[in-house]
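**Q** One-letter residues, chain by chain:
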Amino acid sequence: MKTIKKVFATTLLFFFLTSFSSDEGDRIIGLWEPSNGKARIKIEKIGPKYYGKIVWLKEPLDPTTNAPKLDKNNPDESMRDIPLKGYRMLKDFIYIEKDEWKEGTIYDPESGSIYSCVINMKDENTLDIRGYIGVKALGRTDVWKRLMVNKK
Amino acid sequence: MRYFFLLCLFWFQNSDSFAQLDSIVEDFSEYDNVTYTDTKSKVFCSPKIFDLSPQRFVSVAFDAQLPHSLSVSEIGNYLPNSKEGIINEKANLNYVGGIRLYANIPVISKNSIVWQVGLNYWDVNYQVKNRPLTGSSSNLSIDEIQKGLTTAGLHSTLYKPLNEKQFILLQVSADLNGNYSIANPQSLNYLRYSAALLWGKRPSDRKQWAIGISRTYRVGEMNYIPVFMYNWTSPSRKWGTEILFPARAHVRKKFNPSNLMLIGYELEGQTYRLNGMSDQNRSLELRRGELRFRTEFQKKLFGFIWGSMQVGYRNNYSYKADYLNNNGSDFYRGFFGKQNYAMINNLTGAMYFQVGIHLVSP
Amino acid sequence: MKLLNLSRIILLLTVAFLIASCGKKNKEKLILEPITLSAEGPYFEGPNSFQGKIGLDVTKFLQEKGYKQDQLKDIKILGASVSFDSLALNIQDLTLQVVSEKESMQKLAFINPLPSGNQNIQLSIAKEQKDLVSYFLGGGILVLDGNFLKEIEENLSFTLNLELELTLKE
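Chains as they are written, first to last, in this note's numbering: chain F, 1 to 152; chain Y, 1001 to 1362; chain R, 2001 to 2170.
Don't take every hint at face value.
Stretches of chain Y that chain F covers, calculated by requiring three or more beta carbons in the stretch to come under 8 angstroms of a beta carbon on chain F [to be verified]:
#, segment
1, 1043–1054
2, 1197–1203
List of simulated lysine to aspartate or glutamate pairs, EDC-like, C-alpha gap at most 16 angstroms [as the list claims (entries may be wrong)]:
#, chain 1, residue 1, chain 2, residue 2
3, R, Lys2076, R, Glu2165
4, R, Lys2068, R, Asp2057
5, F, Lys102, R, Glu2101
6, R, Lys2029, R, Asp2074
7, Y, Lys1238, F, Asp62
8, Y, Lys1040, F, Asp123
9, F, Lys58, Y, Asp1205
10, Y, Lys1110, F, Asp128
11, F, Lys102, F, Asp128
12, R, Lys2024, R, Glu2154
13, Y, Lys1042, F, Asp142
14, R, Lys2130, R, Glu2170
15, F, Lys98, F, Glu44
16, F, Lys122, F, Asp99
17, Y, Lys1253, Y, Glu1296
18, Y, Lys1300, F, Asp76
19, F, Lys38, Y, Glu1164
20, R, Lys2025, R, Asp2074
21, F, Lys45, F, Asp76
22, F, Lys45, R, Glu2101
23, Y, Lys1147, Y, Glu1164
24, R, Lys2127, F, Glu103
25, F, Lys136, F, Glu110
26, Y, Lys1040, F, Asp142
27, F, Lys38, Y, Glu1266
28, F, Lys69, F, Asp108
29, Y, Lys1048, F, Asp142
30, Y, Lys1048, F, Asp108
31, R, Lys2025, R, Asp2085
32, F, Lys102, R, Asp2074
33, R, Lys2127, F, Glu77
34, Y, Lys1160, F, Asp62
35, Y, Lys1040, F, Asp128
36, R, Lys2060, R, Glu2045
37, F, Lys45, F, Glu103
38, F, Lys58, F, Glu110
These aren't lab readings, by the way, just hints derived from the structure by calculation.
Beta carbons are placed, not taken as given, at the ideal position from N, Cα and C, and that holds for glycine.
Use the sequences and the hints to build the structure in full.
**A** Here is the structure:
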């Protein structure tokens, strides 16, 4: 009887823990918009890391070619025909603790530059995205807001 | 029994969590039909437009003017519009130049405000080839100039966007200029202050303009002048302008994201205390102003390290001198003032070049 | 003269030593077992992602050839092709990337636009490929992103064929 009780207690504890063990880092998953409103980025998880890809552009066409915008400033010439829509501009973020995702990078298609990046969640609907070079002091913070897709 | 109910409760909760994951389906085709879960963040205009030459965080450069000559007048009382004084001494200069250090670090850098502080250090050395005899008495001014002219300063820039289109730009600086050495600096009483305040608009990602007023030493002496900024990039993104008139104006040609060229001019100047010709009663200030026409090539070396090379022609704007009271305060003459000069010196024009390496901003 | 000859000998010996210490490098080609990249549908118009884990082909290859893992100095992608069901023909472009726990995401290949009517496509390989060894030895994940031109209800999967060049030190 004692053994059965122990098994139950252990089982209870297991389910209790697993029901709340969904990664705290997953709170960042969803659709977000930078402050300039020019793009919308979907953040998702691949393996243990988080990535953000462009799923919408305010101005999707290149005015000079009238075709969907491409990654024409990529430093690797062989990659310049990749379209920006669908482009993963946030890469390799790991959730550390206390509303912070680190060790990732952010790509700026305008310059073809990759910056180190840290994400802080100010609240469930607001992210501070700081891109920097070398040290955090040499960078810029942008505020991203969460979006919800309206159901049809 | 209690355990059984608890087990059911937690199992149910678990099942609910799994169900939530399975049912998440985002409608990718309707990303233009969205709602903000909170308020939309206020949009502020960026301090940059497309394709501006990169802003520098840290800069190390070497500036050199090629051979030219200097004539130094006797100390006297010269009318403001005098072109030449009584020449006391002449010198042929092999080279004038030195190192330029610059740092501009963001203290606050957000889309709602950018505040940067920095420092600069310029060294101008004079290498005299010969000093042809003029038969006049020496008043040691070339000796004083040969000690070199040093500028060390602090500056701060505040960019405050008001909304999506308008912004305010404030820049202030304090510079200590003279023929002193870092080991033996001159008194901070001789700090010279400059400032500029502009209001502007950014109508698009390719255009930005502003108007304002500045207190400046770019012509060699204190002046209050209006300022006009105009940054523009062509639709092709190959051409543009970077203008902060009258301080500088350039046309920009971008070859690719890693290479660009600027053609234009810059007005450089400061007022330098010649310590050896100053005493407890008065301070001799050399009003040095230069107009530099140049072509500059900028190239990305790796990462955020860029190199630059400038070649051009330096035209002398002012090399006059004033005696000031020794309390350190300067006076305002402007373009129409009637105060006389203590010296009217002249420099002939010279070709120059400048090479630098810079850590640039994202 | 004697000193000059001695200097020349020392120089030659140094060069010989350097060459010897670099070690001889072999290049071997390896075609991986086809990798299935999948994701549950339905798929909506716009970007969609498909994933698949890199198998143990490289590890097995090294064992068969008698190499140790630390002898594997470099891996380059020589070729990548993707085959898929006719339902996936309404795709504008495909981009292939690789991720792993320890390394950052890297683009390997892409095609834009997809040649029409073709269900077996060669991807353009990225010129810059850095440090791929750890992905292929350490359980990397391949991610195929595709921009769909219209909704597709049915489940899809892609079969990826990769040809690698392994640089091995003897």
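**Q** Each hint: holds or not?
**A** Verification of the supplied hints:
1. 1043–1054: Satisfied; 4 residues make the cut.
2. 1197–1203: violated (count 0)
3. Lys2076/R with Glu2165/R: Judged against 16 angstroms, a Cα distance of about 5 angstroms means the pair holds.
4. Lys2068/R with Asp2057/R: holds (14 angstroms)
5. Lys102/F with Glu2101/R: holds (14 angstroms)
6. Lys2029/R with Asp2074/R: holds (12 angstroms)
7. Lys1238/Y with Asp62/F: With Cα atoms ~15 angstroms apart, Lys1238/Y and Asp62/F stay inside 16 angstroms; holds.
8. Lys1040/Y with Asp123/F: Holds, at roughly 14 angstroms.
9. Lys58/F with Asp1205/Y: holds (13 angstroms)
10. Lys1110/Y with Asp128/F: holds (9 angstroms)
11. Lys102/F with Asp128/F: holds (12 angstroms)
12. Lys2024/R with Glu2154/R: Violated, at about 51 angstroms.
13. Lys1042/Y with Asp142/F: With Cα atoms ~11 angstroms apart, Lys1042/Y and Asp142/F stay inside 16 angstroms; holds.
14. Lys2130/R with Glu2170/R: violated (21 angstroms)
15. Lys98/F with Glu44/F: violated (19 angstroms)
16. Lys122/F with Asp99/F: holds (8 angstroms)
17. Lys1253/Y with Glu1296/Y: holds (10 angstroms)
18. Lys1300/Y with Asp76/F: holds (14 angstroms)
19. Lys38/F with Glu1164/Y: Between Lys38/F and Glu1164/Y the Cα gap is close to 13 angstroms, so the pair holds against 16 angstroms.
20. Lys2025/R with Asp2074/R: holds (10 angstroms)
21. Lys45/F with Asp76/F: Distance of about 26 angstroms is beyond 16 angstroms: violated.
22. Lys45/F with Glu2101/R: holds (12 angstroms)
23. Lys1147/Y with Glu1164/Y: Violated, at roughly 51 angstroms.
24. Lys2127/R with Glu103/F: violated (25 angstroms)
25. Lys136/F with Glu110/F: violated (21 angstroms)
26. Lys1040/Y with Asp142/F: The given pair, whose Cα atoms are some 13 angstroms apart, holds under the 16 angstroms limit.
27. Lys38/F with Glu1266/Y: Cα-Cα ~36 angstroms, so violated.
28. Lys69/F with Asp108/F: OK: Lys69/F and Asp108/F at ~14 angstroms, within 16 angstroms.
29. Lys1048/Y with Asp142/F: Holds: Lys1048/Y and Asp142/F sit about 14 angstroms apart, inside 16 angstroms.
30. Lys1048/Y with Asp108/F: holds (14 angstroms)
31. Lys2025/R with Asp2085/R: Since the Cα atoms of Lys2025/R and Asp2085/R sit roughly 41 angstroms apart, the hinted pair is violated (cutoff 16 angstroms).
32. Lys102/F with Asp2074/R: Given pair Lys102/F, Asp2074/R is violated - Cα atoms ~28 angstroms apart, limit 16 angstroms.
33. Lys2127/R with Glu77/F: holds (8 angstroms)
34. Lys1160/Y with Asp62/F: Roughly 30 angstroms between the alpha carbons, so the hint for Lys1160/Y and Asp62/F is violated.
35. Lys1040/Y with Asp128/F: The hint holds at about 14 angstroms.
36. Lys2060/R with Glu2045/R: Roughly 40 angstroms separates the two Cα atoms, so the pair is violated.
37. Lys45/F with Glu103/F: holds (15 angstroms)
38. Lys58/F with Glu110/F: Distance ~15 angstroms between Lys58/F and Glu110/F Cα, so the pair holds.
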